[in-house]
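Protein sequence lines correspond, in order, to chains A and B. Those letters in the first sequence? Residues 88 to 206, per the working numbering, in order. Those letters in the second sequence? Residues 183 to 294, per the working numbering, in order.
No wet-lab data here; the hints were simulated from the structure. This structure is a prediction, so every number in the text was calculated from the model and none was measured. Misleading hints may appear alongside valid ones.
With the Cβ distance kept under 10 Å, some of the chain B side facing chain A (calculated, not the full set) [to be verified]:
hint: 1; residue: Lys185
hint: 2; residue: Thr187
hint: 3; residue: Pro189
hint: 4; residue: Tyr218
hint: 5; residue: Pro226
hint: 6; residue: Ser243
hint: 7; residue: Phe245
hint: 8; residue: Thr283
Listed next, the in silico SDA-like pairs over lysine to any residue satisfying Cα-Cα at most 25 Å (straight line) [unchecked claim]:
hint: 9; chain 1: B; residue 1: Lys185; chain 2: A; residue 2: Lys156
hint: 10; chain 1: A; residue 1: Lys156; chain 2: A; residue 2: Pro126
hint: 11; chain 1: B; residue 1: Lys281; chain 2: A; residue 2: Thr100
hint: 12; chain 1: B; residue 1: Lys185; chain 2: A; residue 2: Gln132
hint: 13; chain 1: B; residue 1: Lys291; chain 2: A; residue 2: Ser184
hint: 14; chain 1: B; residue 1: Lys291; chain 2: A; residue 2: Gln124
hint: 15; chain 1: B; residue 1: Lys281; chain 2: A; residue 2: Gly127
hint: 16; chain 1: B; residue 1: Lys281; chain 2: A; residue 2: Thr102
hint: 17; chain 1: A; residue 1: Lys152; chain 2: A; residue 2: Val139
hint: 18; chain 1: B; residue 1: Lys234; chain 2: A; residue 2: Ser184
hint: 19; chain 1: A; residue 1: Lys152; chain 2: B; residue 2: Thr283
hint: 20; chain 1: B; residue 1: Lys185; chain 2: A; residue 2: Gly190
hint: 21; chain 1: B; residue 1: Lys281; chain 2: A; residue 2: Val101
hint: 22; chain 1: B; residue 1: Lys281; chain 2: A; residue 2: Ile99
hint: 23; chain 1: B; residue 1: Lys234; chain 2: B; residue 2: Asn207
hint: 24; chain 1: A; residue 1: Lys144; chain 2: B; residue 2: Lys234
hint: 25; chain 1: A; residue 1: Lys144; chain 2: A; residue 2: Gln124
Take a look, some chain A residues computed to stay more than 10 Å from chain B by CB distance [said to hold, decoys possible]:
hint: 26; residue: Ser120
hint: 27; residue: Leu130
hint: 28; residue: Glu140
hint: 29; residue: Ser181
hint: 30; residue: Leu183
hint: 31; residue: Gly191
hint: 32; residue: Gln199
hint: 33; residue: Arg202
We treat Cβ as the ideally placed atom computed from N, Cα and C, and that holds for glycine.
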Amino acid sequence: EAQVTQNPRYLITVTGKKLTVTCSQNMNHEYMSWYRQDPGLGLRQIYYSMNVEVTDKGDVPEGYKVSRKEKRNFPLILESPSPNQTSLYFCASSSLSYPLRTGGAIEAFFGQGTRLTVV
Amino acid sequence: LAKTTQPISMDSYEGQEVNITCSHNNIATNDYITWYQQFPSQGPRFIIQGYKTKVTNEVASLFIPADRKSSTLSLPRVSLSDTAVYYCLVGSRAGGGNKLTFGTGTQLKVEL
């Protein structure tokens, strides 16, 4: 079954304590990304990766790091979390390869989300 | 990426057909129209995409007029389980970028 798996689902931490949210996909997708979702702001892209060892900033990258050492994994790292990073986080993956059943449309697969609270 | 505009919320009753319209006046030639569905505390799920005319799958239909400046997602005979946020996105995989730009979506509430 095609899956994007995030862990943990829920996390409460204190300001400044480094944390990592893991993301793994089993579809051999090249493209992976992280989004955060906040009320009234929708989903905003944090970082993305187009392949192994290729990462780039999205719209709201400040305070986050990522790495892509393996194709299937794309962890999100908060080196010094702050309360304004309290949010719902989603990892997503999609294929860059052609041809696909969706043609030029982007079919992304999302994880179940990680609800992070920083106190 | 073309900006989209859709209603903030809609209410319906079970068994009715629901049509959610999205406007995207600045859609580019290469852009596709894609709709995602998101249930509370879950990630968005791709439900349908189209380029022009009408597309139908097991979940929904998508109507796109000739000028492509708008599109309508049609959900036939909705049930309580269709209560979700529906996002209209416009973009393309051309150029190798797969970034999705989400707006605030349309909150659909289905009641008995």
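Going down the list of hints, with the structure as the test:
Look at B:Lys185: its Cβ only gets to about 12 Å from chain A, farther than 10 Å, so that hint breaks. A least Cβ separation of about 13 Å between B:Thr187 and chain A goes past the 10 Å threshold, and the interface hint is therefore violated. A distance limit of 10 Å between C-beta atoms decides the matter here; for B:Pro189 the minimum to chain A is near 15 Å, and the interface restraint is violated. Annotation: interface hint on B:Tyr218 holds; nearest CB of chain A at approximately 8 Å, less than 10 Å.
Using the Cβ-Cβ criterion of 10 Å, the hint placing B:Pro226 at the interface with chain A is satisfied: the shortest such distance is roughly 5 Å. Taking 10 Å as the C-beta contact cut-off toward chain A, the hint placing B:Ser243 at the interface is violated, the least distance being around 16 Å. A distance limit of 10 Å between C-beta atoms decides the matter here; for B:Phe245 the minimum to chain A is near 16 Å, and the interface restraint is violated. Evaluation of the B:Thr283 hint against chain A yields a held restraint, the C-beta minimum of about 8 Å falling below 10 Å.
This hinted pair does not check out: B:Lys185 and A:Lys156 have alpha carbons roughly 34 Å apart, beyond 25 Å. For the hint linking A:Lys156 to A:Pro126, the alpha-carbon distance of about 32 Å lies beyond 25 Å, and the restraint is violated. At most 25 Å may separate the alpha-carbon atoms for a hinted pair to count; B:Lys281 and A:Thr100 exceed this at roughly 29 Å. The hinted pair formed by B:Lys185 and A:Gln132 meets the criterion: a straight-line CA distance of about 16 Å does not exceed 25 Å.
About 36 Å separates the Cα atoms of B:Lys291 and A:Ser184, which puts this hinted pair outside 25 Å; it is violated. For the hint pairing B:Lys291 with A:Gln124, the CA-to-CA distance comes to about 20 Å; that is within 25 Å, so the pair holds. Between the alpha carbons of B:Lys281 and A:Gly127 the distance comes to roughly 20 Å, so the proposed pair stays at or under 25 Å and holds. Distance hint between B:Lys281 and A:Thr102 is unfulfilled; the C-alpha atoms sit about 30 Å from each other, more than 25 Å.
Of the pairs offered as hints, the one joining A:Lys152 and A:Val139 holds, with about 15 Å between alpha carbons and a cut-off of 25 Å not exceeded. The straight-line distance between the Cα atoms of B:Lys234 and A:Ser184 is roughly 22 Å, inside the 25 Å bound, and the hint therefore holds. For the hint linking A:Lys152 to B:Thr283, the alpha-carbon distance of about 21 Å falls within 25 Å, and the restraint holds. A threshold of 25 Å between alpha carbons decides the hint, and for B:Lys185 with A:Gly190 the separation of about 21 Å falls inside it, so the pair holds.
Taking the CA atoms of B:Lys281 and A:Val101, the gap is near 31 Å; set against the 25 Å cutoff, the hint is violated. Only pairs whose Cα atoms come within 25 Å are accepted, and B:Lys281 paired with A:Ile99 is rejected, the gap being roughly 29 Å. Straight-line distance between C-alpha atoms of B:Lys234 and B:Asn207 comes to about 14 Å, which keeps the hinted pair within the 25 Å bound. Annotation: proposed proximity of A:Lys144 to B:Lys234 is violated, straight-line Cα distance about 32 Å (limit 25 Å).
Among the hinted pairs, A:Lys144 with A:Gln124 is consistent with the structure: their alpha-carbon atoms are about 17 Å apart, no more than 25 Å. Distance check on A:Ser120: its Cβ comes as close as 7 Å (rounded) to a Cβ of chain B, failing to clear the 10 Å threshold; non-interface status is violated. With a least CB separation of 4 Å from chain B, A:Leu130 falls inside the 10 Å interface cut-off, contrary to its annotation. For A:Glu140, the requirement that its beta carbon stay farther than 10 Å from each beta carbon of chain B is met, with the minimum near 16 Å.
The claim that A:Ser181 lies off the interface is violated: its Cβ sits roughly 5 Å from the closest Cβ of chain B, which falls inside the 10 Å cut-off. At the 10 Å boundary, the C-beta of A:Leu183 falls inside the reach of chain B, the nearest C-beta of that chain being 6 Å off. Remark: the non-interface label on A:Gly191 conflicts with the geometry, its nearest Cβ contact in chain B lying 5 Å away (cut-off 10 Å). Listed as outside the interface, A:Gln199 is inconsistent with that label: its C-beta sits roughly 6 Å from the nearest C-beta of chain B, within the 10 Å cut-off.
Not every Cβ of chain B is farther than 10 Å from the Cβ of A:Arg202; the closest lies at roughly 8 Å, contradicting the non-interface assignment.
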